[in-house]
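Trainee: So the chains spell out like this:
Number of protein chains: 2
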Amino acid sequence: MVSRSGSADGPTRQSLMDVAITLFARHSVAGTSLQMISDALGLTKSAIYHHFRTRDELLSAIIEPIVDQLADVVRDAEARRTAPARAERMLTGYADLAVAHRDLFPVFSGDPGVVDFLRTRPAWAEVVRRQAELFAAVDPGPGGQVRAAVVMAGMAAAVGVPFDGLSDEAVREELLAAGRRTLGLRTPRVRTA
Amino acid sequence: MVSRSGSADGPTRQSLMDVAITLFARHSVAGTSLQMISDALGLTKSAIYHHFRTRDELLSAIIEPIVDQLADVVRDAEARRTAPARAERMLTGYADLAVAHRDLFPVFSGDPGVVDFLRTRPAWAEVVRRQAELFAAVDPGPGGQVRAAVVMAGMAAAVGVPFDGLSDEAVREELLAAGRRTLGLRTPRVRTA
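Residue numbers (full-length UniProt numbering), protein chains in the order written: chain A, 1 to 193; chain B, 1 to 193.
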């Protein structure tokens with residue numbers, strides 16, 4: 001049983017989402033049932049139903065705020081003047097999000113359940129496509145596309161590695177350095193925090 | 001129902017493994033039961049039991065030959081004289097394997113079921129650890145470790161992307177180029193095929 005805080009009259013929506021992310025990472029989305037989530041919190045299934053009717057509804061609640069933030073970064077990046085500047089802005093925004101969600105991004109990067117789910121949300125899949133395009137445009141052609149895929153999946157998976165002794169900020173800096181090298185971007189002289 | 005060849009007296013071991021890989025990629029390992037695999041082949045569960053008693057046994061049969069090949073590459077790489085030469089040999093061997101198994105490597109890169117399974121096989125996890133060490137040693141310190149993680153997961157996931165019109169050989173070359181850039185390796189003058 002996973003110990004999480006909940007209000008006296010039932011689990012909070014957020015505690016259900018937190019436990020779900022832990023279980024998704026451990027068992028994959030397809031391997032995690034609402035029953036398993038309620039069991040982990042010591043609840044009946046009906047307590048979950050008050051907040052989420054299906055696993056997809058729960059998954060949606062987890063993903064939506066992150067896709068919204070990603071979409072903000074994509075729009076901001078697309079407004080820059082050059083392809084390298086656009087990719088650099090996208091890269092820093094993606095690293096920020098990945099490091100802020102080190103439990104969740106590895107699930108995003110490889111879980112077929114998430115890939116399937118994105119197919120049912122064309123607007124969200126479009127955000128991911130635009131992100132890939134921003135990275136790929138640094139070097140138009142097949143090389144750019146392959147490097148975009150390596151950077152996106154590689155960074156998402158890498159934040160799941162503990163890297164003993166490295167702070168989140170150090171992981172973020174190293175991810176940015178790795179992403180710039182992969183995409184062929186120069187380290188900017190003035191850091192955008 | 002997935003159409004696969006099988007001998008007259010039952011499904012071949014290989015056709016069961018092929019269908020399993022397709023279903024793992026679609027539903028994750030945890031989301032794929034032996035029942036689903038037999039259903040996809042239009043078989044009874046007892047027909048599978050003749051070959052595999054559990055899903056782990058099937059997963060093991062799929063992974064073992066690839067880990068064996070990976071271990072060969074690791075040993076060959078470790079025998080080279082310099083850190084960059086060791087990483088370059090590891091990188092080409094990894095790209096070869098990833099491109100030869102474009103259906104399976106994306107499952108390896110992100111599926112918690114595979115990660116869990118590797119925990120039960122310390123000898124196999126050790127091969128993966130040695131591979132990461134070969135990549136990380138190009139630049140001792142945290143940067144090298146992060147770049148090793150990005151390259152390993154990024155390449156494994158990227159082979160799952162269709163990249164319209166790109167041949168396997170072109171994908172392999174672009175993966176090598178991406179991996180070398182990420183790790184900071186020079187393109188070798190004489191290509192080792």
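Just to be clear, a hint being listed does not mean it is correct.
No copy labels: a pair is met if it fits in one copy or bridges any two.
Stated by the list, open to error - Mimicking SDA-like on lysine to any residue, the simulated pairs with C-alpha atoms at most 25 Å apart in a straight line are: (1) Lys45 / Ala79; (2) Lys45 / Glu78; (3) Lys45 / His27; (4) Lys45 / Ser33; (5) Lys45 / Thr12; (6) Lys45 / Arg119; (7) Lys45 / Arg13; (8) Lys45 / Glu57; (9) Lys45 / Ala132; (10) Lys45 / Asp68; (11) Lys45 / Leu166; (12) Lys45 / Ser15; (13) Lys45 / Ile62; (14) Lys45 / Asp18; (15) Lys45 / Gly141.
What the hints contain is simulated information worked out from the structure, not anything from laboratory work.
Trainee: Hint by hint, which ones does the structure fall short of?
Mentor: Failing hints, ascending: 1, 2, 6, 9, 10, 11 and 15.
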